[in-house]
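Peer 1: Chain residues, written in single-letter form:
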Amino acid sequence: MSLWVDKYRPKSLSLLDYHKDQANQLKNLVKQGDFPHLLVYGPSGAGKKTRVTCLLRELYGPGVEKLRMESVPITTPSGKKLDIKTISSNYHIEVNPSDAGIYDRCVVMELVKNSAQTHQLDPTGQRDFKVVVLTEVDSLSVDAQHALRRTMEKYVSTCRLILISNSTSRVIPAIRSRCLGVRVAAPTQDQIISILQMACKKEGLSLPLDLAKKIVDKSERNLRLALLMCESCKVQETPLKEKQEPILPQWQVFLKDTARSIMHEQSPKQLMEVRGRLYELLSHNIPIQIIFKGLLKELVSNCDMKLKAVVVEEAAFFEHRVHQGSKGIFHLEAFVAKFMCIYKKFMEDSVIDMF
Amino acid sequence: MAKNQKYIVGQEKHFMLSDNWAEPYTLDELAVDHKKVSEISSWLSNHRHKCGILLLTGSTGCGKTALVKCVSRSLNFEIREWITPLDRDFQTGVETGVFQNQTGKFEDFLYSSSRYSDLFVKSSNAASLLLVEDYPNIFLMKPEIFHEILGQYCRTARAPIIFICSDSSDKSLNIEFELFPQNIQSQYGIAHVSLNPVTRTKMMLALKRMGAYLQSLSPGYKLPTQDVLNEICNSANGDVRYAMLSLQMKPQEDVVAMFDFAGKRGPSKKKPNSQKQTQEEEAVSTCGKDDRVGILHAVGRVLYPKWRGEGEKISSNNVKRKRKEGEKHLDATTPGVEWVHNPNTLADSYLSSASSFLLLVQENYLKTFSSIESVAAAAFCLSEGDVAVNSEGVETTHEISFNAVLRGVMVQNKVPHRAWSPVRSSRCYEIINTQKKLSTILETLFPLYPVSPIVLMTEVVPYMFHTSASSLSNEQHKFVKAVASMESLASFCDTFRTLKEPFNAQKSDKATFVIDPKKQKITEQDDELHISEDESDEEVDEGAANLTMLEAAMAEDMDFDEGAQNLSMLEAAIDNQPEEIDYNALLNDSDDDDILLSQI
Amino acid sequence: MQSFLKTGKLGSGSGAGPSGDKQSGKGQKRGNRPTPWVEKYRPKTVDDVVEQGDVVEVLRQCLSGADLPNLLLYGPPGTGKTSTILAAARQLFGDMYRDRILELNASDERGIQIIRDKVKSFAQLSASGIRPDGKPCPAFKIVILDEADSMTHAAQAALRRTMEKQTRTTRFCLVCNYVSRIIQPLTSRCTKFRFKPLGEVKIIERLQFISSQENVNIEQDALQSLIAAAGGDLRRAITCLQSCARLKGKDDTSAITPDDVVEVMGVIPSRWIDGLMSVSEEFDYYKVTEYLDQFIMEGYSAGQLLEQLHLKIVMCDTISDKHKATICEKLAVCAYRLQEGASEYLQMADLCCTLMLCLRQ
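Residue numbers (full-length UniProt numbering), protein chains in the order written: chain R, 1 to 355; chain A, 1 to 600; chain V, 1 to 361.
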């Protein structure tokens, strides 16, 4: 039994549930022999990957679904050997370059080169190019992106790139201008609700509208999250009830508690405890940006507008530093300390005002 | 001593300064606890011309070798010491040849030395005593061979043998642990004496004796002051050899400058030890240790900043007194105040390991601060520091910014919160380590799942626990549960060492994906390989044993098993990283050279 | 393909397999690959170049026999720098074009070693003053260094000696966006020409010409928004036009609408920008963050938002200069941080807070 998310994933462009115009446009693109590099961007859970998979199927037919996992050995210029995990079919290869850390540059170049130089395994395939799918392009170093632009041009005859990223802010203009941008917006509330209802129907359940709305709210228009939540609701209680509360992932609860404990007491000792909790979150692979965002959302709740602005500014400042430095915890902690400091002052002042 | 070593193929060991040193000659001069001395003496007298094995352990420089030498001298034993011959004698290069040769020579040595007395020794009535301080590498790799030889020795020998091992915090370097496990000790009736680090008093005595000796060599020698001796004692941390070296190497003037960084408040349990030739390995571990002591003290100085006012001597008492009297206490803003420990010097000396230094400060600073305001300011400085240390740029910028960061932290701490607390090593790497293991686990548990690891961790896995708990394999279930309930993953990752077979089965279960059967076979084979590898070095690395690939990766850029504990390793790890990053910078540099060349 | 085309096969979209290309294995198969329109409609002679009077004049004189100085062409992207020099070279050398030109762009390895080896050995070949077909031509070769501002300073420094030594046989043409990134010794050895952003009229003419050639149906409004979004960058405008046409598909004869253009260019529809301003005026933090969330959900790029917002703020009449300065400073800071990879949400929240405080007063 697989998750609903996987079960109800559309498999071809014509089956996509939303952004149908775009799906059509992609189809048109495939029909013409000439296929540009693509840059697919949009928020998490909007269906970028699904769309790309459908597109590949449209390009190559069902053969593209025969996936295998391989680890490709790469040797860096400094002689270090890396093994990069790739997922590939006969027609395409998919890599997450951020796995390679600081070596992403040579990984990207090598992979594109390799796949551009190997001939299509299936001679009957109608395309004379292979596709390299790079995920999480926004975490690609600038250096690697520059390397990419050369590689893109050089091997354009045998290889097309599909870049997937959450946002184009970090993609250098040179890359952006060489790709056809495909924006995948998150599905709207109504779209999510109808998808949820459809899934429930196929499972033989009926989904009360109120619950569906609650799920959409909590999932922040992330379709994947919404489906997961919906399925967990079903496990929690069948049939689904209107009053049910969708479950949040435990780490979100944990993060909220952390924020609450920051507002509860401001002292070095408390900060020590908070640090422990932050470490715990980090060790669960929760990205530091999400921790910042989550903390900020909770922390500002008790502040007046002026203070909010200050807190937001500090958060933006320290979060930026995370990217400049190498040890996230330093900056996260500095932010918490700073918040404790201004919040304490704010609370003291408002106590004085009361008298 | 050289005479006794002539058996050995390798050269006589020369420790630069050791020959004319005030090595203890009589038992009284030893800095070792006299109970231990008598223990050894009685053991030796009992084993004259008899077979017997004694294992002598103790921290580096606590006087093990000197003890053996003095005792044997007093009991009229003649020492024959094994020194591992150099490998260049075996140019054949065939590996097995080398092994046999070293092993063979060692056997030879044990056999002949224990049976025949040295022709060239005048006092022919002296009994032989075999001393092994240096172990052929092959034994460390294959302890079985060593144990076999030991057995053989027990059957044939007619002279006692003493094995000396340095304690080491690192298990894999610990000879005692490797070569003399408990069962071997009991099997061959090995006596075991363990020495403690030299006590402060004994160390002081030894230093004074040394001073006197130096003076006798050159009359112009000024005896060091008590302060200097104190500094040396403290910084040596129980290592007499180091203390002696320090004393001898110390410039006559300005001793304090040199020892500025050696700590003051260090846990000082020490013993004097006669310094003597060292094994290479011992020397290495010595460096490691001293380094760490140094860095811990330096961190202490940053965390507990001290100032002195004009004309005052040392401030911590003053500060306390003044505070009692209700006077304004000294801090960096008081005019005329200066640091007791200059941050410039601190920054200078730890510049090369700035990053690990900051980690230590960051881990520990909270305990010494009393107000959240100053914490915020200090945290800001640290955050700045992380950026500065990480930024590419000229070395001097690093120096300045590192200096500024240290000062910042020190200035902010107006009233250090004084309570005893151990300096803890940072958890930062532990976390990174866990994250890496995590991604391997994810790959193993959910192969081919079409989302990024982050999404998997933040969205999918937490819900799996609620939705499809029943359809997960055992391992997956455990993991999913740990994630869903925010259990500490660090410990989970350590215990994650399971058979991968179930997952392969799992893979093919996944209806959504078709897996090339050939490929799958290969992975299975790989898994078997990994597992068998694990078994062989199981003892050494109990942790994530079957994450072989991961470990290989980690060994490159950060070594870490017990690593968070071991600073020297940490430093090495950190030092490794920038190398890569600077690769381009290096290229550019070489470009410059080219221009210069071409312009010539 | 593009780089291969740049090295000379202008407009040779049909026929010829790629020979300079290492990946020639499948050359035959790709016979009638569609060419990027940018390459197809590159100006073929110096006279075709739109605007940019000075440099065209110099090149024309050179075509009629005068000597050519070393050139440094700079200006914003898409203004025809590379096209100009390529067209000139084509006219100068005719069929020998490929032997007389060495073009290196940032994508090629341009370490110091390359400069020394490749450029030097190319420069050392002597060139005759007569074309194979008997017509006279200048007795020198041209080295075109495209995107010269991305060369390291070391590599640039290595160039200056070579440049002086080889004046007899070789002319250099440096092409870059930012002249300030070229080291002084190099700029002083070259004649500098600045390329201005192209005027709207010229771009419209060109686009209309292309769309009639390619049978593309585009609304007048769409053309306008295309030009606005391209901001004087002709290449971008043409690429966009082609992408729009591709997405429409051959069978679809409906006209390209402004929405299509906006989508392909990655421009944020102006209602989002206006919305952001008006929601900020309401001075409610939660409304603003919710708006931001929605904005991010739509997948628009924060970097683009900053750019468009900047224009809007600068042009806005209702904000005092002082507040404009504050907001623009924040814009700059946020843009910088975004570039370094900071979280979009946090940076935009920060920006909006500033915006709210300023709009309030």
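The reader is advised that the hints may include incorrect statements.
To be verified - What follows is a list of derived Cβ distance ranges for each label pair:
| hint | chain 1 | residue 1 | chain 2 | residue 2 | range |
| --- | --- | --- | --- | --- | --- |
| 1 | R | D349 | V | K322 | 43 to 53 angstroms |
| 2 | V | T167 | A | T345 | 32 to 42 angstroms |
| 3 | V | D317 | A | S370 | 52 to 62 angstroms |
| 4 | A | H417 | V | D317 | 15 to 25 angstroms |
| 5 | R | G79 | A | V415 | 26 to 36 angstroms |
Stated by the list, open to error - Cβ-to-Cβ under 7 angstroms is the rule here; a few derived chain V residues that face chain R:
| hint | residue |
| --- | --- |
| 6 | G266 |
| 7 | P269 |
| 8 | G341 |
| 9 | L346 |
Quick caveat, the hints were computed from the structure, so don't treat them as lab data.
Computed from a prediction, not measured in an experiment: that's the story for all the values here.
Beta carbons are placed, not taken as given, at the ideal position from N, Cα and C, and that holds for glycine.
Peer 1: Hint by hint, note whether the structure agrees.
Peer 2: Checked hints:
Look at R:D349 against V:K322: about 27 angstroms separates their beta carbons, and that is not inside 43 to 53 angstroms. Between V:T167 and A:T345 the Cβ separation comes to about 57 angstroms, which falls outside the hinted range of 32 to 42 angstroms. For V:D317 and A:S370, the Cβ-Cβ distance of about 53 angstroms falls inside the hinted range of 52 to 62 angstroms, so the restraint holds. Between A:H417 and V:D317 the beta carbons are some 57 angstroms apart, a value that contradicts the proposed interval 15 to 25 angstroms.
Distance hint check for R:G79 and A:V415: the Cβ-Cβ separation is about 52 angstroms, which falls outside the suggested range of 26 to 36 angstroms. Taking 7 angstroms as the C-beta contact cut-off toward chain R, the hint placing V:G266 at the interface holds, the least distance being around 5 angstroms. For V:P269, the interface hint is violated, the least distance from its beta-carbon to any beta-carbon of chain R being 11 angstroms, above 7 angstroms. Checking V:G341 against chain R by beta carbon gives a least distance of about 4 angstroms; that is within 7 angstroms, so the hint holds.
Look at V:L346: its Cβ gets to within about 5 angstroms of chain R, closer than 7 angstroms, so that hint holds up.
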